[in-house]
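4 protein chains.
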Amino acid sequence: MNKLGLHAFVWTAGWNADDATRAIGRTAELGFDLIEASAMDYAAFDVAATRRALEANRIGITMSFGLTDDMDVSSGDPGRVAHGERHLLDGISLARDVGATHVCGILYSAFRKYDTPPTQDGIAGSVEVVRRVAEKAQASGITLGMEVVNRYESNVLNTARQAVRFCDRVGMPNVKVHLDCYHMNIEEADIAAAITQTGDRLGYFHTGDSHRGYLGSGSIDFGCVFRALVASGYAGPITFESFSSAVVGQPLEGILGIWRTLWDDSRDLAAHAKLFTDAHLHAARQAWRHVPDAIDPD
Amino acid sequence: MNKLGLHAFVWTAGWNADDATRAIGRTAELGFDLIEASAMDYAAFDVAATRRALEANRIGITMSFGLTDDMDVSSGDPGRVAHGERHLLDGISLARDVGATHVCGILYSAFRKYDTPPTQDGIAGSVEVVRRVAEKAQASGITLGMEVVNRYESNVLNTARQAVRFCDRVGMPNVKVHLDCYHMNIEEADIAAAITQTGDRLGYFHTGDSHRGYLGSGSIDFGCVFRALVASGYAGPITFESFSSAVVGQPLEGILGIWRTLWDDSRDLAAHAKLFTDAHLHAARQAWRHVPDAIDPD
Amino acid sequence: MNKLGLHAFVWTAGWNADDATRAIGRTAELGFDLIEASAMDYAAFDVAATRRALEANRIGITMSFGLTDDMDVSSGDPGRVAHGERHLLDGISLARDVGATHVCGILYSAFRKYDTPPTQDGIAGSVEVVRRVAEKAQASGITLGMEVVNRYESNVLNTARQAVRFCDRVGMPNVKVHLDCYHMNIEEADIAAAITQTGDRLGYFHTGDSHRGYLGSGSIDFGCVFRALVASGYAGPITFESFSSAVVGQPLEGILGIWRTLWDDSRDLAAHAKLFTDAHLHAARQAWRHVPDAIDPD
Amino acid sequence: MNKLGLHAFVWTAGWNADDATRAIGRTAELGFDLIEASAMDYAAFDVAATRRALEANRIGITMSFGLTDDMDVSSGDPGRVAHGERHLLDGISLARDVGATHVCGILYSAFRKYDTPPTQDGIAGSVEVVRRVAEKAQASGITLGMEVVNRYESNVLNTARQAVRFCDRVGMPNVKVHLDCYHMNIEEADIAAAITQTGDRLGYFHTGDSHRGYLGSGSIDFGCVFRALVASGYAGPITFESFSSAVVGQPLEGILGIWRTLWDDSRDLAAHAKLFTDAHLHAARQAWRHVPDAIDPD
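Residue numbers (the working numbering), protein chains in the order written: chain G, 1 to 298; chain Z, 1 to 298; chain E, 1 to 298; chain A, 1 to 298.
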């Protein structure tokens, strides 16, 4: 059975002891099984408070990291690649310390609107870095998720098929594909087919509607999405991600391009995401359950 | 705000005192605002028990009726038309006695697979009957819903546009269009457009997925459906209808063509329908809410 | 590459020498690769004229047959089963004589709105009949397609999954699943998934929109349908089927429930179906073509 | 009847005499009614050759312009606003000289990934500029289309509703909303509803699939799109836009984020777009045509 998660940015962009305690408490209250925390500045991440709150509320944690331009492991520039690798390795230490099961996000390039396509050398370097980061993660039982994002957030992995081939090149069992509905809606030929074709390479999943607002308030057909997840036997985390300038403020609203405040009530948004996900996941399981009939009565 | 309803056939095909008490109690327990009861044999419908249970559970009721071939008000045959009219007028009496706000269903023809198209004379007769039934219904504050069904259940009203014109010909303010997702998925060019184009003529709405199983387990895109309902300002009942041979048995499974048992747990199905409807309705309302911005800050 | 076909009922419900010559000529003129002819009365089917017209126009033919209630091979009634088997075997002779590559349709039960579910004995008898018919067909290189239809046309095979299991029980290599968009839209949890899950068991495919009018004028998302066909490597016929009372008249309009005349210009409808199918099939092939990139440059 | 157009970037990013002659000739050959030319450097745009080719091939032209950061009319910075206004006014002169009927694109802000939301003062300034540009355009019978784009291309108009309000503030009859499927798929709650709700404010329309490749090879349901266009009575241009790094090269591939070469055969792509658009437009017109029946026989 899939664990259902909530991205911490629904509650807060910071992560001091108070942020962590409040975000984890509220996430657990709504019935989620895990919280996804995105650390940009590791030093500002309160590990002890996070562990305490997770234990008190009995939920799990996953983490997502990003790389700035000067840490771009796909750049082919030795200094930036090395900087990026250090940052990712430090991230794995942090993830291990808080007890995270998954580390995901754009771990293979910078998070930015690029101006030129990636180079073969750049990709080769990125593959090497991800492999070494995965080796460290493996020692702590952490799965890495290569998040497939739209063309405006990276120039490396924009489709599930690219991510499968990237993971093939990395060649580590704990490096999996991380798909996200919002990005798939822009880049994939067919969202459901992309999920099915990824198959058991899928390791992490983000829900989010076409404009990143309430689930079901945009143009993604979630019936198809959840039926594809269930049909392909996906048993990993399903985490809801949505951003509002009312919560995250700058610089995140600028980085993410949040120009309309699609929501301002975090609790209502998150409670609804839980309800919507439960409803569609149950429907998808019913869609594929065996119905005995006169042809095959058993 | 729309009242959410549940069709009684989710619980039972009968309606003695026990059936009524149990079905109404369980419907209320799950948070629905009303139950839709389909009476085929008025004499077997326990009015007193129904009223008691509705009052005890503080929910409302709507009713749906059908006409057999010998009651076909669209047949142009005076005897059958008169029989059908009496049956519908008796149905209004029953609906009034139990305090129903809406009477809906295929009130304008028989419920059957026809072999020939309707005639203009047959339609004219049907319009007259519905007008007289509506006059009686009006006296009790009852709205009639002309249910638009697929080609296999009637040859008269298969599209929303036909129903709007039929209601125009009837010319009574309490005669409205009753749309049902399951049927629309077969007959309409565009489900959402049909809802929008019906506009304020819409008086009753049935949810139900493409195969009449769990909501979201079939191929209807409910995001579109609920956004259209909210966009057109529909404020009437939204009632979930689903049939299983495990509950209704014969002759209903034969009439409806239920050859696969898509569900057998009434409570799970109904609880899910409530969850799914709440989730999509809330999403649809969020989709259209006003978001202030720098162009129109107020 | 898929051969594109057109159902002869777009032109005519009869099949004398003139009908055959005209229908085959026009089908070929529009660029179709084959015509599907539905023979109800074998004696009225002009074999010689059909062969001449096919040769003159250099297109192929497929056939579809149906069984009336007194030929119901799923009935469990020895007389009706035997009658149905004879009718099917005679149909195979006819198909062989005209050079048909495929024989499809509801070959496993009557074409009717049933009142009761099928029985295990009835199914067992149907499997036996289909096996013997398939043995005869095999000798002429004919593939049989078990058409999956909606609940109002048969009670036996309403989903692709049922058809796969039925074919398994028949156990002949030339017995395949025949899927039809119009029916899938009513019965399948997910049209694209049903195609993909049928995989190489798929042997024949009917396009047709939700209301059986112009392709694209109803609610089926044909982008998904064609992407699924291409993704699953389907290389068999794709045949367009649509019915209008303006062409077929009684008894077919009654049997099929055609109450609205969605089109009356056969040539325009058929030319459009060819255009629409070409456009979507080409798009679907582009959707899945290999795009070299920096991750996998070859 | 809608004029069908093709964006010139399908053929070339340049516009010297040869480019113009070739692009216009090929566009006309495929049966399009107009070409959309995007001029970035007006001096490099060969007006005389363009006029000659348009006349020789008897097709029309529309133009699209963009503003760089130093021309940002929404910036609130007087120098940049004035620069932008001069650039737009010069663009109108160019459009008039080539005989363009429409000038569209992001005419109200820079084309860039912004870091902060727009300000009310910035918007007010943009409205003033667009009004003056529209006055000049009006004198030459040119309609302006305010293109609604995704969050990564502007921070001002991301939804149809915003564009309607922006046009209201401009208050000129020749300032209309320009919608584009690719962008709507990211930003709108409901693509079809956005078209319908824009109604007669819609002045220009871009087709393009979710990933900007072949129409129908991505996840947009074009049945819905075309039915909405026809249902709302839209009679203006419908222009296909798609970009490949194989044609446009830098800097455009960088600006637009084209990291995968989704196509490299311009003629095949364009011929297919014409076929696909014709097929869907005809289907949509059939979807809404009046079908006489026994209810309303006239």
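Be aware that one or more of the hints could be misleading.
Claimed, not checked - Under the rule of at most 27 Å between Cα atoms (straight-line distance), these lysine-lysine pairs were calculated in the DSSO-like manner:
1) E:Lys3 <-> E:Lys113
2) Z:Lys113 <-> E:Lys274
3) E:Lys274 <-> A:Lys136
4) G:Lys274 <-> Z:Lys113
5) A:Lys274 <-> A:Lys3
6) G:Lys113 <-> G:Lys3
7) A:Lys3 <-> E:Lys3
8) Z:Lys136 <-> Z:Lys3
9) G:Lys274 <-> G:Lys3
10) E:Lys274 <-> E:Lys3
11) A:Lys136 <-> A:Lys3
12) Z:Lys136 <-> G:Lys3
13) Z:Lys136 <-> G:Lys274
14) Z:Lys3 <-> Z:Lys274
15) E:Lys274 <-> A:Lys113
16) A:Lys274 <-> G:Lys113
Claimed, not checked - To list a few chain E residues with every Cβ distance to chain A over 12 Å, as calculated:
17) Met1
18) Ala49
19) Arg80
20) Arg96
21) Thr101
22) Arg201
23) Asp209
24) Ser217
25) Ser219
26) Gly236
27) Arg260
28) Asp264
29) Gln286
Unchecked claim - Not everything, but these chain E residues come out facing chain Z in the computed CB check (under 8 Å):
30) Ala13
31) Thr116
32) Gln120
33) Glu128
34) Arg131
35) Glu135
36) Lys136
37) Ala139
38) Ile186
39) Ala189
40) Ile191
Read the hints as simulated data drawn from the structure, not as lab findings. By construction, the Cβ of each residue, glycine as well, lies at the ideal position given by its N, Cα and C atoms.
Verification of the supplied hints:
no.: 1; hint: E:Lys3 <-> E:Lys113; in the structure: 32 Å, violated
no.: 2; hint: Z:Lys113 <-> E:Lys274; in the structure: 32 Å, violated
no.: 3; hint: E:Lys274 <-> A:Lys136; in the structure: 46 Å, violated
no.: 4; hint: G:Lys274 <-> Z:Lys113; in the structure: 42 Å, violated
no.: 5; hint: A:Lys274 <-> A:Lys3; in the structure: 11 Å, holds
no.: 6; hint: G:Lys113 <-> G:Lys3; in the structure: 32 Å, violated
no.: 7; hint: A:Lys3 <-> E:Lys3; in the structure: 33 Å, violated
no.: 8; hint: Z:Lys136 <-> Z:Lys3; in the structure: 24 Å, holds
no.: 9; hint: G:Lys274 <-> G:Lys3; in the structure: 11 Å, holds
no.: 10; hint: E:Lys274 <-> E:Lys3; in the structure: 11 Å, holds
no.: 11; hint: A:Lys136 <-> A:Lys3; in the structure: 24 Å, holds
no.: 12; hint: Z:Lys136 <-> G:Lys3; in the structure: 55 Å, violated
no.: 13; hint: Z:Lys136 <-> G:Lys274; in the structure: 46 Å, violated
no.: 14; hint: Z:Lys3 <-> Z:Lys274; in the structure: 11 Å, holds
no.: 15; hint: E:Lys274 <-> A:Lys113; in the structure: 42 Å, violated
no.: 16; hint: A:Lys274 <-> G:Lys113; in the structure: 32 Å, violated
no.: 17; hint: Met1; in the structure: 16 Å, holds
no.: 18; hint: Ala49; in the structure: 32 Å, holds
no.: 19; hint: Arg80; in the structure: 36 Å, holds
no.: 20; hint: Arg96; in the structure: 36 Å, holds
no.: 21; hint: Thr101; in the structure: 27 Å, holds
no.: 22; hint: Arg201; in the structure: 26 Å, holds
no.: 23; hint: Asp209; in the structure: 8 Å, violated
no.: 24; hint: Ser217; in the structure: 4 Å, violated
no.: 25; hint: Ser219; in the structure: 7 Å, violated
no.: 26; hint: Gly236; in the structure: 21 Å, holds
no.: 27; hint: Arg260; in the structure: 5 Å, violated
no.: 28; hint: Asp264; in the structure: 10 Å, violated
no.: 29; hint: Gln286; in the structure: 4 Å, violated
no.: 30; hint: Ala13; in the structure: 16 Å, violated
no.: 31; hint: Thr116; in the structure: 6 Å, holds
no.: 32; hint: Gln120; in the structure: 13 Å, violated
no.: 33; hint: Glu128; in the structure: 21 Å, violated
no.: 34; hint: Arg131; in the structure: 23 Å, violated
no.: 35; hint: Glu135; in the structure: 28 Å, violated
no.: 36; hint: Lys136; in the structure: 29 Å, violated
no.: 37; hint: Ala139; in the structure: 34 Å, violated
no.: 38; hint: Ile186; in the structure: 6 Å, holds
no.: 39; hint: Ala189; in the structure: 6 Å, holds
no.: 40; hint: Ile191; in the structure: 6 Å, holds
In this structure, the earlier hints numbered 1, 2, 3, 4, 6, 7, 12, 13, 15, 16, 23, 24, 25, 27, 28, 29, 30, 32, 33, 34, 35, 36, 37 are contradicted, and the remaining ones agree with it.
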